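Colleague: Just so we're aligned, residue 25 is where the sequence shown starts under this note's numbering, counting upward by one.
In short, the hints are calculated from the structure, not lab data.
Predicted, not measured: the structure shown is a model, and the values here were computed from it.
Among these hints, one or two may not hold up.
[Claimed, not checked] Calculated lysine-lysine pairs in the DSBU-like style (CA-CA distance at most 35 Å, straight line):
{"id": "1", "residue 1": "LYS330", "residue 2": "LYS270"}
{"id": "2", "residue 1": "LYS358", "residue 2": "LYS435"}
{"id": "3", "residue 1": "LYS358", "residue 2": "LYS398"}
{"id": "4", "residue 1": "LYS435", "residue 2": "LYS398"}
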Amino acid sequence: MTSFYSSDPLAPDQPLHLQQYQERSLLALLICIGIAGPLVSFGVYLRDGIGPLTWVAIALTLCTYGLLLLYLRGPRRLVATLLVYMLIIASGAATAAHGTVRSMAILVMMAAVVGSGILLSRRNMIVSAALGIVLLAVLNVAENAGMLPVPPVHTGWAVWITQTVVLVSLVITVNFGRRRLIDSYHTQHITLEHAREVEHLLRLSQARFQALFRSTPAACLVQSLATGDVIDANEAFQSLFGHRQKDLVGHRPPRLWADLDEYTAFRRAIDGQGRVSGMPVRALRRDGSVFHATIYAEVTDSGSEKLLIAVVIDVSAEVASRHELEQSRDRFSKAFNFSPLGMTITRLRDGMFVEVNPSNERVLGWNRADFEGKTATEVGVWVSDADRQRYVETLQRDGRLQALETRMRTKSGSVVDVRVWAEIIEIDNEPCALSFTLNVADEKRREAMLLNVAKGVSGETGEAFFRSLVERLASAIGADGVMVGEVDASHQLNTLATVWDGVLQPNVSHELQDTMCEQALQQPELLRFHSPTATHLPLVPPFVETGLRAFVGLPLRDADGSAVGLLTAVWRQTPPQDSQIDALLTIFASRCNAELLRLQRDREIRKLHDTLEQRVAARTAQLQYLNRELDAFAYTVSHDLKSPLRSIDGFNHLLREQLAPRLTPDDELLFERVDASVQRMNRLITDLLALARVSQGTLQRMHTDISELAQDVIRQERHRDPTRQVRIDIDQGLIADCDPRLAHIVLENLLGNAWKYTRHTAEPHITLRLEHAANGGPAVFCIEDNGAGFDPSRADRLFKAFTRLHASNEFEGSGIGLATVRRILERHGGHIRGEGAVGQGARFEFSFGSGALH
């Protein structure tokens with residue numbers, strides 16, 4: 025903002041209101057002097073007559089009028105200067121005419137000097153003051169030297185007018201100065217407020233910049249251009265490059281460039297243009313890894329210091345995506361152009377070809393030039409518009425086509441069967457169809473041929489199968505002879521079927537030594553021979569009797585890889601070079617191999633059947649012997665083990681009674697432990713006998729009421745332990761087809777376990793229900809309790825004999841009950857499965873197998 029204390033108050037570059045104040049003050053002074061001049065002149069005239077002082081007053085008045093006219097015409101700065109000097113000179117003249125420096129005219133000089141300080145420049149003010157001082161000096165010297173006339177001592181109203189004019193002039197100039205001072209103060213106040221507002225905005229801008237600098241996801245760095253030191257680095261920069269702020273700020277930055285040539289180009293751009301925009305670089309992290317980035321930088325002034333502000337954007341993902349896109353395009357281009365399938369890209373709305381690969385010429389005979397700039401209808405690829413419409417509608421409905429069977433026209437005009445795959449893609453926002461076309465005419469012919477051969481042999485087995493196979497295979501591949509033979513243990517070939525010149529030959533045996541058939545058997549796969557001329561080949565009759573041009577032999581092998589047979593074909597003329605012949609031979613060799621193995625297995629089965637009765641009798645005798653041994657074992661356990669155990673129990677009670685008066689508490693404890701061991705051994709022997717007996721005897725399956733058996737088991741448990749309160753829920757009408765005696769043992773063990781393992785449960789609950797029953801299948805029952813449960817990770821040990829999942833001091837038992845249950849259910853053809861969790865009870869599902877179930 026321009027200062028109000030300008031060297032030229034009336035200069036054009038001053039504020040408008042200040043010029044207005046100056047001009048108005050100057051006009052007021054001119055008017056005041058213009059009015060007072062005639063009055064002063066007339067007053068002096070009345071007092072002194074026509075004298076020097078009167079002429080000075082008249083001249084001052086006239087000059088004032090002239091300055092007033094000059095003011096109205098425009099050069100007002102000149103008017104102010106002339107007015108000040110005119111007043112000073114007029115004051116000096118009036119003082120000289122009055123005769124003393126004590127004249128009132130001196131006041132006019134002082135007022136003029138005051139006005140010069142307000143209205144004129146500093147130089148003019150100094151000049152006017154110097155002029156006044158000089159005039160006063162001259163007048164004082166002249167008065168002291170008596171050179172001035174003696175002034176009269178009386179005063180008049182002219183003096184009063186003069187004094188009034190001086191005072192008014194002073195008031196005008198002082199008022200102007202005051203207004204100018206107030207205006208200057210007001211302007212300075214406004215300037216100060218504006219400066220404060222600008223400073224506030226600057227601080228807000230700085231805070232916004234700091235917030236933006238800190239929170240922007242782009243990496244930002246501020247660096248002194250003179251020293252190279254880092255001024256600041258935001259968190260994104262630290263995270264991107266891996267450097268900490270304390271390692272950056274106040275230091276020269278570490279190496280951030282992977283390529284020094286890129287850094288040189290960057291510095292050259294900064295030094296030459298002062299900025300860099302979107303420069304691709306490879307940056308270096310603290311850990312040494314390199315990544316692609318784009319850098320933006322600009323040099324800016326911060327007071328007397330130049331700063332470099334750089335923004336680094338990580339574009340590694342973008343570069344990778346671009347690279348992947350380029351690779352994808354390259355792969356697509358290669359796949360498109362080198363695909364063996366005919367590939368085309370057509371617009372869906374009109375069928376216009378956008379791109380065509382070279383394989384279309386091989387598939388349908390059309391080349392790229394035939395398709396370029398044309399629609400499918402114009403080219404005539406589709407046999408009918410209905411075929412193309414069906415293709416388009418299906419593609420638009422499903423978004424893709426999978427192996428659409430249709431027909432297309434080749435360039436030669438023939439109609440062939442094709443298989444089409446297609447998918448909708450967009451090219452320049454235009455829906456297009458990317459299609460793959462495969463000519464399946466040959467495949468259709470091969471399928472028809474295979475179907476014909478397969479139908480001919482599908483209903484045959486044994487020798488009839490082999491005869492049908494050689495006849496149809498010879499016809500399919502155009503062979504003059506086809507033979508299927510079996511290789512026996514003496515390395516002879518026993519023919520199963522042979523056709524020669526369309527006539528079936530009788531089956532015979534041939535030696536294979538030094539023949540091509542022997543070579544074929546030694547090959548891992550197909551043996552092929554071709555000759556340009558007819559040649560007598562070392563084969564078996566009847567093929568050895570004439571000249572042949574081609575021979576093919578395929579070995580037939582067992583599962584262990586040993587050769588068990590041979591399929592051969594011969595041609596008098598060179599057969600066509602067609603892969604379908606090899607395919608047909610391979611396919612029917614596999615079928616022939618399977619039939620030959622089946623035939624051999626049938627022979628083995630017949631041999632086994634002949635010896636079956638003998639082996640069954642031997643096995644029956646062995647089982648009867650084992651059963652007798654098992655009965656002997658049961659008797660031994662019952663008699664030889666239980667008798668000594670009863671003796672131990674009896675002697676223990678007898679000894680206890682005899683020593684009763686002398687027994688200590690420890691002795692009583694020992695006797696009790698012996699009793700417990702005897703009882704446990706007795707239960708174990710009993711359980712072993714039960715386990716052995718469940719496998720003996722014949723199952724007496726009948727409709728058995730499982731609910732009634734379960735109620736009987738529960739009554740036994742309540743009788744043994746009448747103090748326990750257990751909630752029992754047994755579904756009524758549970759029927760199974762089983763042996764009632766063995767079913768009772770199953771329920772005794774399962775329900776007995778549930779009763780035992782709920783002993784420490786506050787509210788024991790046991791349920792027996794039908795879990796599910798499939799139509800015509802066995803019923804599955806479920807027994808569930810809320811007792812101690814078991815560790816589910818040990819569930820595989822539940823049904824093993826002598827295996828317990830709880831300590832004997834917690835729950836009694838021998839560990840044989842569940843093994844007995846499983847053996848009984850397996851005899852019935854059923855199953856059992858258990859699950860549980862510690863402290864959450866157990867659940868057992870079981871079934872008695874097939875039968876009439878409800």
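Colleague: Determine for every hint whether it applies to the structure shown.
Modeller: Consistency of the hints with the structure:
1. LYS330 to LYS270: Cα-Cα ~22 Å, so holds.
2. LYS358 to LYS435: holds (25 Å)
3. LYS358 to LYS398: holds (24 Å)
4. LYS435 to LYS398: holds (15 Å)
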